[in-house]
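Turn these sequences into a full structure, and let the hints guide you.
Residue numbers (the working numbering), protein chains in the order written: chain L, 11 to 197; chain A, 23 to 159.
Simulated from the structure, these hints should not be mistaken for laboratory data. For clarity, every value in this text was computed on a predicted model and none was experimentally measured. Among the hints, erroneous ones may be present.
[Stated by the list, open to error] Covered by chain A, per the in silico footprint, the following chain L stretches (three or more residues, Cβ under 8 Å):
no., region
1, 24-34
2, 64-71
3, 122-129
Backbone N, C-alpha and C define an ideal beta-carbon position, used for all residues, glycine too.
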Amino acid sequence: MEYLLGTWHWSISGFLIGMTMLLLTYFGKSFGMSSNLRTMCSMAGAGKFSDFFKMDWREQKWSLAVVLGCILGGFIAYHFLSNGTGVNLNPDTVAQLQTLSIDAPDGKLLPDAIFSMETLQTPKGFAILLVGGLLIGFGTRYAGGCTSGHAISGLSNLQLPSLVAVIGFFIGGLVMAHFLLPIILKL
Amino acid sequence: MKLARFFLTGIFFGIVLTKAEAVSWYRIYEMFHFQSFHMFGIFGTALVTGVIGLQIIKKKKIKDFKGFPITIIEKEKGFWRYIIGGSLFGLGWALVGACPGPIFILLGTGTYAIAIVLIGALLGTYIYGLLKDKLPH
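What follows is the structure, encoded as structure tokens:
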């Protein structure tokens, strides 16, 4: 049981993620999570304002079923498959985070300094979450995919556009993690 | 139920990403600082599994579960949309430590704050839809 309740080894995790992509391929679908955001916009009536959302969202019901499953999967893993020993970071990372006033994981998945209800109620805390979301939504649709669609499916199919997109993910991620995040957190 | 297999796949994926800690803001921070092999190991293994799996599907012309040939959609050619869009997503990914899959999964772990990220992501997608024709692709 200890193996199940602690952090899953990267090799097991990676293999199972690869298998998820192959399973959806076997079901005749393509693996991609960010396209659900477009489907949800379309369901909310965004087709009235842009042709990009004029689509038959019912054809994407299968993908919305995956999303609902993900939510339940997160619930199950968090409540029934965890023993609070996870997220053992590199001690250097923990020390570095401390200088940025980010609390250590101590078994938590997310830092309170960014995700707690108290932080959410501050203008800065709210803005970080909203702007992060905006960048994710705009960026993934512009690039035509996210980590699942490009980094896993696209690269597995040896697609050059996906390699360019993943290089982009890292350009943006490195700029944020090394230069912008320290400034934002100290504002 | 036609949708049951997708729902079950989602549950599986949600559990795996949570237990892999790929939904953790901390792990994304650590990855972008190259302070742990964990996330790179996950991507690497997923890729090796995916490349080998898709090659087998193509070589053996494996049919999908309904008996139809499997066609794997090729990505559209282009450069600017991938490098600019990818970089913008990367900025958001490293800021809130979640990509679209984990946004949904974290809702399930009871992180209410992630709902704001989801609202932002829906708005961002909507803004892209409005500006699409004016952007270089």
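Status of the hints after comparison with the structure:
1. 24-34: As far as the region 24-34 of chain L goes, the hint holds, because 11 residues have Cβ atoms under 8 Å from chain A.
2. 64-71: As far as the region 64-71 of chain L goes, the hint is violated, because 1 residues have Cβ atoms under 8 Å from chain A.
3. 122-129: holds (count 5)
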